[in-house]
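Going by the working numbering, the sequence shown opens with residue 1, and the numbers climb by one from there.
Hints listed in this document are in silico derivations from the structure and should not be mistaken for laboratory results. Note that the coordinates shown come from a computational prediction; the quantities given were computed from them, not determined experimentally. Where a beta carbon is used, it is the ideal one built from N, C-alpha and C, also for glycine. Accuracy of the hints is not assured; some may be wrong.
Said to hold, decoys possible - Taking lysine to aspartate or glutamate pairs in the EDC-like style, the calculated list, with each CA pair at most 16 angstroms apart, reads:
1) K232 / D291
2) K58 / E76
3) K252 / E142
4) K232 / E167
5) K232 / E207
6) K58 / D317
7) K252 / E135
8) K331 / E142
9) K252 / E139
10) K331 / E139
11) K330 / D317
12) K330 / E135
What the hints assert, rightly or not - Taking CB as the label site, the calculated pair distances span:
13) K356 / N68: 48 to 56 angstroms
14) A224 / L316: 30 to 38 angstroms
15) E306 / D85: 37 to 45 angstroms
16) A224 / A272: 44 to 52 angstroms
17) A224 / S189: 27 to 35 angstroms
18) P143 / A300: 37 to 45 angstroms
19) E320 / E207: 34 to 42 angstroms
20) T290 / K331: 37 to 45 angstroms
21) K331 / N68: 31 to 39 angstroms
22) P79 / E135: 45 to 53 angstroms
23) A305 / K331: 43 to 51 angstroms
24) G174 / G64: 37 to 45 angstroms
25) F355 / E135: 29 to 37 angstroms
26) N68 / W354: 41 to 49 angstroms
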Amino acid sequence: MDRRKFLSATALAAGAGMAAPTIARAQDSFNWRMTNSYGPTAPFYAVGPGSPTDMIEKIRIMSGGRLNIEHYAAGELIPAFEGFDAVQQGVVEMNASNSYFWSGNVFAAQYFTTVPFGMSYMGHMAWLFHGGGLELWQEVYEPFGLVAFPMNSTGVQMTGWFREPVETLSQLNGLRMRIPGLAGRVYASLGVDTRLLPGGEIFPALERGVIDAAEFVGPYQDRALGLHQAAKFYHTSGWHEPATTGELLISKTAWDSLPEDLQMMVRLASQAACLDSLLWSESVNGAALTDLVTNHGVTAAPLPAEVIAALREATLDTLETEAAASEITKKVHDSYFAFKADHDGWAQISEVSWFKDILEF
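Produce the complete structure using the sequences and hints provided.
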């Protein structure tokens with residue numbers, strides 16, 4: 001055999017041998033399971049534009065069926081609020097929820113969902129994707145063997161539904177309210193008896209008088225739960241959740257098993273869901289609120305100024321206490337509020353100025 005042809009053939013065979021594992025890995029298929037903290041028909045949180053099931057379908061199509069994810073709503077495989085443990089223990093590969101549900105495990109998780117009196121969607125997403133927030137999220141979860149990505153966002157939420165309107169600060173003392181996350185702790189510091197209930201349990205609790213008030217999301221999703229049939233006073237001051245971001249929680253072991261192209265598909269699909277879900281929310285909430293007020297006898301009004309002031313003070317006290325007690329919480333806290341300080345200056349000139357000087361013109 002000609003020596004030159006022999007060497008060429010040998011090199012080609014060697015190259016093919018080296019490439020084979022890469023090609024094989026790229027063609028591996030994965031069948032994962034995703035649990036969810038919300039019910040099977042919950043708009044935004046389970047179905048519809050930017051929802052987990054919508055994202056799953058996009059990943060399936062983009063991957064050509066190489067990454068298939070089976071979705072389980074709250075209660076179908078595990079209880080609503082056990083997703084963190086289920087992913088950490090390897091029971092499932094993924095969970096859809098909000099990170100503030102895990103603030104009892106690690107308080108810093110609160111900042112990745114939202115911060116009361118914090119940044120809007122624009123600021124929060126900017127911090128996550130371009131201000132170091134996403135990297136801090138991974139750092140916070142690294143000891144638990146988890147990775148996470150933002151998956152959707154509601155934008156500003158409503159204060160919630162009340163059987164009686166809140167007109168004075170003293171009315172909060174003894175009020176029984178469904179409210180999650182840091183906002184629950186803030187309310188509790190002002191005398192509220194706070195409860196953490198899954199979405200499907202809110203309406204019956206409010207209707208039967210087990211609770212006096214409840215927060216969920218905003219006009220469209222709240223109407224879908226029928227909350228307006230159990231209470232008629234809808235406070236609009238979204239102090240507690242100015243930009244509520246969903247969480248895609250993934251086992252670090254499972255994540256590391258994916259080839260880079262599938263990892264990128266998951267990243268981009270979750271990032272696209274953040275925008276799509278917000279745009280959908282913005283498209284439906286206005287008409288839903290009008291319907292609630294016009295056709296269902298709902299009174300929509302902000303909380304009194306003295307109540308807002310007390311909630312703000314209690315929020316700052318709680319945040320400062322938690323930041324002082326934990327090194328990782330302080331690191332996330334300082335990053336969030338440093339970014340907020342810069343963003344607030346720009347927001348005053350851009351969004352706030354536009355709303356105040358142009359929209360009202």
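Results for each hint:
Proposed proximity of K232 and D291 is supported: the alpha carbons are some 13 angstroms apart, at most 16 angstroms. Straight-line distance between C-alpha atoms of K58 and E76 comes to about 23 angstroms, which puts the hinted pair past the 16 angstroms bound. Among the hinted pairs, K252 with E142 is consistent with the structure: their alpha-carbon atoms are about 8 angstroms apart, no more than 16 angstroms. The straight-line distance between the Cα atoms of K232 and E167 is roughly 15 angstroms, inside the 16 angstroms bound, and the hint therefore holds.
Between K232 and E207 the CA atoms are separated by roughly 11 angstroms; this keeps the pair inside 16 angstroms, and the hint holds. Between the alpha carbons of K58 and D317 the distance comes to roughly 42 angstroms, so the proposed pair goes past 16 angstroms and is violated. Of the pairs offered as hints, the one joining K252 and E135 holds, with about 14 angstroms between alpha carbons and a cut-off of 16 angstroms not exceeded. The suggested pairing of K331 with E142 holds, with an alpha-carbon distance near 15 angstroms, which does not exceed 16 angstroms.
For a cut-off of 16 angstroms, the pair hint linking K252 to E139 stands: about 12 angstroms separates their Cα positions. Among the hinted pairs, K331 with E139 is consistent with the structure: their alpha-carbon atoms are about 10 angstroms apart, no more than 16 angstroms. In summary, the hint linking K330 to D317 is supported, as the alpha carbons are separated by about 14 angstroms, within the 16 angstroms threshold. Distance hint between K330 and E135 is fulfilled; the C-alpha atoms sit about 15 angstroms from each other, no more than 16 angstroms.
About 49 angstroms separates the C-beta atoms of K356 and N68, a value consistent with the hinted range of 48 to 56 angstroms. Range check, A224 to L316: Cβ separation about 34 angstroms, and the 30 to 38 angstroms hint holds. In this structure the supplied range 37 to 45 angstroms holds for E306 paired with D85, their Cβ-Cβ distance being about 40 angstroms. Remark: the range hint 44 to 52 angstroms for A224 to A272 is contradicted by a beta-carbon distance near 23 angstroms.
At about 31 angstroms, the beta-carbon gap between A224 and S189 stays in the expected band of 27 to 35 angstroms. At roughly 43 angstroms, the beta carbons of P143 and A300 sit within the given window of 37 to 45 angstroms. At roughly 38 angstroms, the beta-carbon separation of E320 and E207 lies within the given 34 to 42 angstroms, and the hint holds. Distance hint check for T290 and K331: the Cβ-Cβ separation is about 43 angstroms, which falls inside the suggested range of 37 to 45 angstroms.
Separated by about 37 angstroms at the C-beta atoms, K331 and N68 satisfy the suggested range of 31 to 39 angstroms. A hinted range of 45 to 53 angstroms is violated for the C-beta pair P79 and E135, which are about 31 angstroms apart. For A305 and K331, the Cβ-Cβ distance of about 34 angstroms falls outside the hinted range of 43 to 51 angstroms, so the restraint is violated. Separation of G174 from G64 is about 57 angstroms and departs from the stated range, judged on CB atoms against 37 to 45 angstroms.
Judged by the Cβ atoms, the range 29 to 37 angstroms given for F355 and E135 holds: they are separated by roughly 32 angstroms. Separated by about 44 angstroms at the C-beta atoms, N68 and W354 satisfy the suggested range of 41 to 49 angstroms.
When held up to the earlier numbered hints, the structure conflicts with 2, 6, 16, 22, 23, 24 and fits the remainder.
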